[in-house]
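From first to last, the protein sequence lines are chains A and D.
Under our numbering, the first residue of the first sequence carries the number 1, and numbering increases by one thereafter.
Under our numbering, the first residue of the second sequence carries the number 115, and numbering increases by one thereafter.
Take the hints with a grain of salt, since some may be wrong.
[Claimed, not checked] From chain D, some residues computed to sit far from chain A (all C-beta separations above 10 Å):
1. 183
2. 190
3. 195
[To be verified] Here are the simulated lysine-lysine pairs, DSBU-like style, with alpha carbons at most 35 Å apart:
4. A:70 <-> A:14
5. A:70 <-> A:57
6. A:71 <-> D:174
7. A:14 <-> A:71
8. D:182 <-> D:217
9. D:166 <-> D:217
10. A:71 <-> D:217
11. A:71 <-> A:57
12. A:14 <-> D:217
13. A:57 <-> D:170
14. A:70 <-> A:9
15. A:9 <-> A:57
16. A:14 <-> D:222
17. D:166 <-> D:182
18. D:166 <-> A:71
19. D:222 <-> A:70
20. A:14 <-> D:170
21. D:222 <-> D:166
22. D:170 <-> D:182
23. D:174 <-> D:222
24. D:182 <-> A:70
25. D:217 <-> A:70
26. D:182 <-> D:222
27. A:71 <-> D:222
28. D:170 <-> D:222
29. A:9 <-> D:174
30. D:217 <-> A:57
31. A:57 <-> A:14
32. D:174 <-> D:217
33. A:71 <-> A:9
34. D:217 <-> D:170
35. D:217 <-> A:9
36. A:9 <-> D:182
37. A:9 <-> D:222
FYI, nobody ran anything at the bench for these hints, they're computed from the structure.
Positions of the beta carbon are idealized from the N, C-alpha and C atoms, including for glycine.
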Amino acid sequence: NAGVTQTPKFRVLKTGQSMTLLCAQDMNHEYMYWYRQDPGMGLRLIHYSVGEGTTAKGEVPDGYNVSRLKKQNFLLGLESAAPSQTSVYFCASSRQGGQSSPLHFGNGTRLTVT
Amino acid sequence: GDSVTQMEGPVTLSEEAFLTINCTYTATGYPSLFWYVQYPGEGLQLLLKATKADDKGSNKGFEATYRKETTSFHLEKGSVQVSDSAVYFCALRPLNSGGSNYKLTFGKGTLLTVNP
Numbered sequence: 001n002a003g004v005t006q007t008p009k010f011r012v013l014k015t016g017q018s019m020t021l022l023c024a025q026d027m028n029h030e031y032m033y034w035y036r037q038d039p040g041m042g043l044r045l046i047h048y049s050v051g052e053g054t055t056a057k058g059e060v061p062d063g064y065n066v067s068r069l070k071k072q073n074f075l076l077g078l079e080s081a082a083p084s085q086t087s088v089y090f091c092a093s094s095r096q097g098g099q100s101s102p103l104h105f106g107n108g109t110r111l112t113v114t
Numbered sequence: 115g116d117s118v119t120q121m122e123g124p125v126t127l128s129e130e131a132f133l134t135i136n137c138t139y140t141a142t143g144y145p146s147l148f149w150y151v152q153y154p155g156e157g158l159q160l161l162l163k164a165t166k167a168d169d170k171g172s173n174k175g176f177e178a179t180y181r182k183e184t185t186s187f188h189l190e191k192g193s194v195q196v197s198d199s200a201v202y203f204c205a206l207r208p209l210n211s212g213g214s215n216y217k218l219t220f221g222k223g224t225l226l227t228v229n230p
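Only chain A is shown next, with the shape it has when bound in the complex (with noise of 0.2 Å):
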């Protein structure tokens, strides 16, 4: 049971690069969320879904988009790295939205803009 898997696991970008963090859950989820963890700043929401189909704006969402177009896949583009998005990518999931239900979160993708 690979649960939640997040590639890739390291990546570096020059200012203004784009790329695409693929999250993948096996565990038929219908939540999925994107974090991002930062030292001293525990995690903050970027976006998150409630459903296939559906995105919605976190905390810090400037500078990310999201897509849903698969229950199993939420994709957080990048379309012009900044030094600012520099940080660990926490991918989570979680089978419904209510106050019991726990997130499984992937293992991270360490992302450096120079």
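Position chain D relative to chain A; hints supplied.
The following block gives chain D in isolation, referenced to the frame of chain A:
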């Protein structure tokens, strides 16, 4: 808005020592409360949870009790091991309000190092 405050680290303990990591929250109503653990190089994993006041969550020797009166959810373990070295995150999920009950709010994390 909702917020979670947890004690700043790093916390360094010797093996078999007692652990407490404090967590307090601000939220409307009765949120669900969680502790997540992040081992080096990995994503976060759910450690334990509590969904209503006075509930005690427990797992792998860790415990936390949902205290409504003090808005706290402190993490404790009686005897830590080297393998417990990790970053611990307290988090809350609000009561259903405007459809936002699926979003977690995290604390900043506490790094625990346990020495042999």
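Worksheet entry | Hints not upheld, ascending by number | The structure conflicts with hints 20, 24, 36, although it agrees with all the remaining ones.
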